[in-house]
Amino acid sequence: MTGIDSFIKKLETLDCGGLYGKDFFLTWEKSAAELDAVFTVAGALRCLRENNIAARLFRGGLGVSVFRDNSTRTRFSFAGACNLLGLAVQDLDEGKAQIAHGETVRETANMVSFMAEVIGIRDDMYIGKGNAYMREVSRALEEGWREGILEQRPMVVNLQCDIDHPTQTMADMAHIISHFGGVEKLRGKKIAMTWAYSPSYGKPLSVPQGIIGLLTRFGMEVVLAHPEGYEVMSGVERIALENAAGSGGSFSRVPSMAAAFAGADIVYPKSWAPYGAMEKRTSLYERGDTEGIRALEKELLAQNGTHRDWECTEDMMKTTRNGEALYLHCLPADISGLSCKEGEVAAPVFDRWRASLYKQASYKPYIIAAMILLGKFKNPPEILARLAKRKKSRRWS
Amino acid sequence: MTGIDSFIKKLETLDCGGLYGKDFFLTWEKSAAELDAVFTVAGALRCLRENNIAARLFRGGLGVSVFRDNSTRTRFSFAGACNLLGLAVQDLDEGKAQIAHGETVRETANMVSFMAEVIGIRDDMYIGKGNAYMREVSRALEEGWREGILEQRPMVVNLQCDIDHPTQTMADMAHIISHFGGVEKLRGKKIAMTWAYSPSYGKPLSVPQGIIGLLTRFGMEVVLAHPEGYEVMSGVERIALENAAGSGGSFSRVPSMAAAFAGADIVYPKSWAPYGAMEKRTSLYERGDTEGIRALEKELLAQNGTHRDWECTEDMMKTTRNGEALYLHCLPADISGLSCKEGEVAAPVFDRWRASLYKQASYKPYIIAAMILLGKFKNPPEILARLAKRKKSRRWS
Amino acid sequence: MTGIDSFIKKLETLDCGGLYGKDFFLTWEKSAAELDAVFTVAGALRCLRENNIAARLFRGGLGVSVFRDNSTRTRFSFAGACNLLGLAVQDLDEGKAQIAHGETVRETANMVSFMAEVIGIRDDMYIGKGNAYMREVSRALEEGWREGILEQRPMVVNLQCDIDHPTQTMADMAHIISHFGGVEKLRGKKIAMTWAYSPSYGKPLSVPQGIIGLLTRFGMEVVLAHPEGYEVMSGVERIALENAAGSGGSFSRVPSMAAAFAGADIVYPKSWAPYGAMEKRTSLYERGDTEGIRALEKELLAQNGTHRDWECTEDMMKTTRNGEALYLHCLPADISGLSCKEGEVAAPVFDRWRASLYKQASYKPYIIAAMILLGKFKNPPEILARLAKRKKSRRWS
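Chains as they are written, first to last, in our numbering: chain D, 451 to 847; chain E, 451 to 847; chain Z, 451 to 847.
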């Protein structure tokens, strides 16, 4: 297996010890080498699987999933990642709407963790709450472990919060790297992260924020476009600017999809909710103001409705570099004339890119498994080498 | 283990290569040798388990279950089968009532399958929809696999659709074979698949259809009985006729339970809904016509109520061959005076046959596991021989 | 590993064969040696895990969980225990409110058990029903196994019923033993099992009953305190008296928390519902008397409200032996000023004991796993010795 060897060799050159024993919350808290290590281990795990080699590093242990919002693809990605490494998934179903806090979080975190190696959390509903909740869980686990309550320190993996969606954007990035034939090919490439119209409302901001927070680290020209009033968190924009400065790329905001698409190598047109509105919604929920929530929903849908021209059409695609930009979406997309009357993307564009979009999604289980492996094992290159050498078949043949 | 050897020897004589890489939708799409292979592998797996030999052919991998209708026994059978082979079950909960289609099916099928080896689907609620849905999933998986999105092609197993219920009827058949001491003993035996009264409504037609579609292949005299208006799909009746012609048996319809029971070797009295009414219900659901659904329900219960005499009583049982016909039911049964006032079967009949009925159900996990093994592994006799030779214990002792 | 050796040596001295092939319903149905064996095996399993040694005695097989009441900690404890031993958990979700019986119980018990090694049941909602239900399941399994329907006899583990909560109280006891440095140190120690105020109603009686039924077996001075009208089952009090007589300890009832706490070595202040009210509620539910249930709820809350002074405060804690009694709770607790305005325990007391409380809970997965191991394997000391000798790592390192 020459394939696996090159992954291991690459990994040996990367200083990724900082991932060990830590949670994975935001990509911008990790070094470039650490992110590279995630891509590399994900590639290695995929390579092992393709060569029918099992990667069960755990003989037992639980992977706890906490989905505080509906999820199919992330749920299956997490389940697949845990299973790949030998963990059994146990779901913690707390009910979707409640915002837990304090004592309850601390206690629950410990109670579900006696046999847990990893806890994957999706909590993206409320601005200012999701990521904070994960860190509260993390602190509780840290304390429980230091006090000898937990025999191991479960790792927390952010499966989407109000700020970032690292398992999604890292999978997106793995797809981009594969598409362009290497991370070194990305320097100077233009990516358009742009708002698009949707007849639904309240979609999380974690993808656009995660994308500008991650893709600015590879020397790319990252352009963010959205109608007025659809601003993302200003803190993340600052991070994007800093990243761009550090990586020799750029980050800028333009007022139209057209400006963003012009000459772009990659486009990521996707709907999201205005940050301010999401803040407002969060406090309405906290006050239990059903009337106010309904009024806000109506208002937001009306606001969306004034931007129906923000659609990724074939004509728009033609304006990208050679008319051949890579089209990305985290799925499911609102497809005009298919899943809705008017939506984020024209049916022919989506149709042409379907296989590529599915491929994009296929990286997620490996990205999650790589995060777990790097967070839980001290010497990842050696672990991979031992797996490759052992050659235990993943399934009989 | 002489037991396992005889299964392997038998399997070697059967041309079952056609099962490899394929889904399992309808028994009449499979050859006689292929069906025989399923019975044989199911027997072999049971024999291995009884001898405390593990059959985990997978070291990881997901078995995805999709239950679009309530289920306990099929859910546990599928879970047991997956577990026996080393797969972890992950449930896809889409909500029961919705009829998904097109883009959504294609996308979801791929998104849940990155790590999946098998997808078990129960979708029996709507005439013309259930089996069609499974085939749509199958096409999406085939495409996803050809396009390199999926690294393996997950197999689809029909856990009950609007047309057939192959894992049930194959388990029934395994029980029949065991009861009569061999498939060759069944030639000329009379089986009465007959409607029975139930105070509930809307029960699927997949069991009676599956039974006449399967049991006509073994040279048996298959008799279908039901009140006027409770016809099953005519297409399946045609298949039953063809099967009977091919196997040297017969298929006929009689207008009363009495005529069906007379001299029967096996009886299968069970309620089902009129085919036409189920078609009507499907379109009512599609239109979201709650009023119409309620009216139809009332009408169907009234219609059922005129056939309360279709009950499997001790007196009826006495009319079978020597009064000793094998009594079958897929469970749960509507037992008169026990689970309802008047129902499909008299309590003393049920009580006398309880152990046999439970035994009948016990074949299902092995049948499902056999379908998976034959669909996923190229050389089943060799696989079984290796398992038997390895002799890894299923549990310590 | 000298640690594991001492557990094995101890286990060899204990006559625990009576646990093999049996269910675990009530602690007082087990001998002192058998209970000691559970603590010993739990300790051994914890020791193995801490030494990174896998304890997967099963290569496949299901652990069925039946939760007829909400549960997080017990659910995760059962899942952790099953996973530790190599079983996959499959949940049987019957809906919470229904009281199943007769035919349905017998049938379901068999249908979910074809591949099951253990069935964990929580059914504590209805007085006179929960434990009875478990025994009904057990009889069905016994019959199914004798009749050859089930190839193995799944063991039933009581995860909380209307009478006892053995996995909780055994975990509590393991914590007590660890805290005091050995079971022999407990002789003469005073434990106060006392009612405490809660603004909620209808909490099960299984913990106070389980505690007086278990702790009276170790020569301790067990004191039960509660307001008038909050009596526990008289049958369990009788058992506590008998136990105390047999073990050289004592059991008595006092009318105030103050009397119970005075000089106590251990305190367990916890709310529960009056036994009589729970009986009444059960029959209201059986009759489907929603109006009556609502009225009873109101009445019970008002009754509770007259005992707000039954709170475990710092001042109360000072009255215990040297002001240093071990504070126990099965969690979650109603903490005054934190999870409610007035509750079972003052926030500073809870806060001071939090780590200890979490540690107390951490024994439960091991207790459950020990019950399973002793119920399913004939020669536990040999099994443990083989695990220790094999030294298969639980996770790579």
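By construction, these hints were calculated from the structure, which means they are not laboratory data.
If you're wondering where the values come from, they're calculated on a predicted model, not measured in any experiment.
A portion of the hints provided could be inaccurate.
Chain copies aren't distinguished; within one or between two, either way the pair holds.
As the list claims (entries may be wrong) - Below, in silico cross-link-like pairs of lysine to aspartate or glutamate (DMTMM-like), each with a Cα-Cα straight-line distance of 20 angstroms or less:
#1 K472 to D543
#2 K791 to E553
#3 K842 to E832
#4 K635 to E832
#5 K809 to E601
#6 K809 to E597
Going through the hints against the structure:
Taking CA atoms no more than 20 angstroms apart as the test, K472 paired with D543 passes in neither setting, with 24 angstroms inside one copy and 32 angstroms between copies. For the identical chains of this complex, K791 and E553 are inter-copy neighbours only, at 14 angstroms across copies versus 46 angstroms inside a copy, given an alpha-carbon limit of 20 angstroms. Proximity of K842 and E832 under a CA criterion of 20 angstroms is satisfied in both settings, with 16 angstroms inside one chain copy and 19 angstroms between copies. Neither within a single protomer nor between protomers do K635 and E832 lie at most 20 angstroms apart by alpha-carbon distance, with minima of 29 angstroms and 48 angstroms respectively.
In this assembly of identical chains, K809 and E601 lie within 20 angstroms of each other by CA distance solely across copies; the values are 11 angstroms between and 38 angstroms within a copy. Proximity of K809 to E597 under the C-alpha cut-off of 20 angstroms is restricted to the inter-copy arrangement: shortest distance 9 angstroms between copies versus 44 angstroms within a copy.
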